[in-house]
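Visitor: Put chains B, C and D on the given structure of chain A with help from the hints.
One-letter residues, chain by chain:
4 protein chains.
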Amino acid sequence: MELTFDLGRRVLEQQPFSRLLGAELTRLDADGAELQLALRPDLLQQNGFAHGGVVCYLADNALTYAGGLALGAAVVTSEFKINYVRPAIGSRAIARAAVVHAGKRQAVCRCDVLVQDAGSEKLVATALGTIALAGTKND
Amino acid sequence: MELTFDLGRRVLEQQPFSRLLGAELTRLDADGAELQLALRPDLLQQNGFAHGGVVCYLADNALTYAGGLALGAAVVTSEFKINYVRPAIGSRAIARAAVVHAGKRQAVCRCDVLVQDAGSEKLVATALGTIALAGTKND
Amino acid sequence: MELTFDLGRRVLEQQPFSRLLGAELTRLDADGAELQLALRPDLLQQNGFAHGGVVCYLADNALTYAGGLALGAAVVTSEFKINYVRPAIGSRAIARAAVVHAGKRQAVCRCDVLVQDAGSEKLVATALGTIALAGTKND
Amino acid sequence: MELTFDLGRRVLEQQPFSRLLGAELTRLDADGAELQLALRPDLLQQNGFAHGGVVCYLADNALTYAGGLALGAAVVTSEFKINYVRPAIGSRAIARAAVVHAGKRQAVCRCDVLVQDAGSEKLVATALGTIALAGTKND
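Residue numbers (our numbering), protein chains in the order written: chain A, 1 to 139; chain B, 1 to 139; chain C, 1 to 139; chain D, 1 to 139.
With the rest of the complex left out, here is chain A:
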């Protein structure tokens, strides 16, 4: 099934963990996927930055959406790598992912995670990973 913006939002709404974190799908088009979430106090670590787990959640999920654009709605993240480049200090985190290369069963995607603060955006992490059609990843 083709992954449209509407379907993408419904899928996100069906993920209890994404609801817990308050993630929102803010864009899904030919150029890729964008997820955002407000950096509420309970998403932080002990120094007041967004927890790495929040940042990697966003990267993982945005990569999956980007892969879904190429492969269809039923996809999973097979693997990814993330480099944290700055403490995630800000009011909002934004993940932007795009397809680098897609085959029939797998797509390689990349993702940048940024934080927004006082109107400016700063890169906090960058990721690269493989998205696979569900049911084929480990067959």
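One or more hints might be untrue.
No copy is singled out in the list; a pair is fine if it fits within one copy or between any two copies.
Derived lysine to any residue pairs resembling SDA-like cross-links, with alpha carbons at most 25 Å apart [said to hold, decoys possible]:
| # | residue 1 | residue 2 |
| --- | --- | --- |
| 1 | K122 | N47 |
| 2 | K122 | E13 |
| 3 | K104 | A38 |
| 4 | K104 | Q46 |
| 5 | K104 | D117 |
| 6 | K122 | A38 |
| 7 | K104 | A73 |
| 8 | K104 | D42 |
| 9 | K122 | T4 |
| 10 | K122 | Q36 |
These aren't lab readings, by the way, just hints derived from the structure by calculation.
Guide: Showing chains B, C and D alone in chain A's frame:
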């Protein structure tokens, strides 16, 4: 400051995101670090598995604890890579991390994430990453 | 086709690049794969260490052999990550790879690369990656 | 010491392994680094494609050059991840790397590897990694 089990538990308690997820530090000794969390319904994705974001949170955090054993308490995850190998279906997730190699400012660590169900454990993901002394990662 | 030690050696012999580097398959059994090569002067970089390209060649190829044990002889490396932990100074480099998890079409494998010098072995790099059946990776 | 194009070419010339493979630094400027090599028969694997080890050598080295632009000439690759997306079939391989984020001691860089054939270019791999000042990586 040396990272002891007691200090490790206090640090985890000071991470709002770790409290939100209900993570618990269950071991921290010369052999490495172990984190656990109960897979409550709000940690799942749309198919009833633990969300990838929960699994990568656990891997990220367990890697950091393992690195802290070698480098001291003030450490951050610099980067890591994770391979998901099975849907995370179970009542409990467990991340076990250990140091592969440590220098003065960085440690390379690996981590396995398992789920426990009906008494048995299954590997669901494996990760490899770099932990750095806080304040040195991107200096 | 099942990947046996003999077949593995013939495949390596058919790789012109592996012959150029002088790589040798020294073990291939249920526990995994081992490749070795002598660190000739023309495999070094400007400081006299084995070039990173030699180390990642070894890791890549050993991961592929380990994946082949699980999936059969016709496999390719889909992706991998490598952490260099020490300068590769020694007379011989050894890569030891094993399967972490195997499905029907993909296997996640890990690999350590060591150098031998004056009788002792030291870890110089560690890698983690995905091996796929040839023809399926990017279908 | 600042890494200039001329210095970069001299460093490559001092790497015996880069000479063995015939790599050439074809660009090094504010936008990043480009390395090229002719895909001679002895750089191939058993199916006539460039060996993965050649592709990851190029990625590794181009990442290092890109990092050197930000950090100075004395740098090493700390870690990287590579996704192979297509068989590397062509007459020439080209790696193009750029800095994603640079601190004082480390830079996160990305790299695409392409093959040229009959005038067109195709992406064969993409990589993401960390470059560190020499002497600091594993301190």
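Visitor: Of all the hints numbered above, which does this structure not satisfy? Sort the numbers upward.
Guide: 2, 3, 8 and 9
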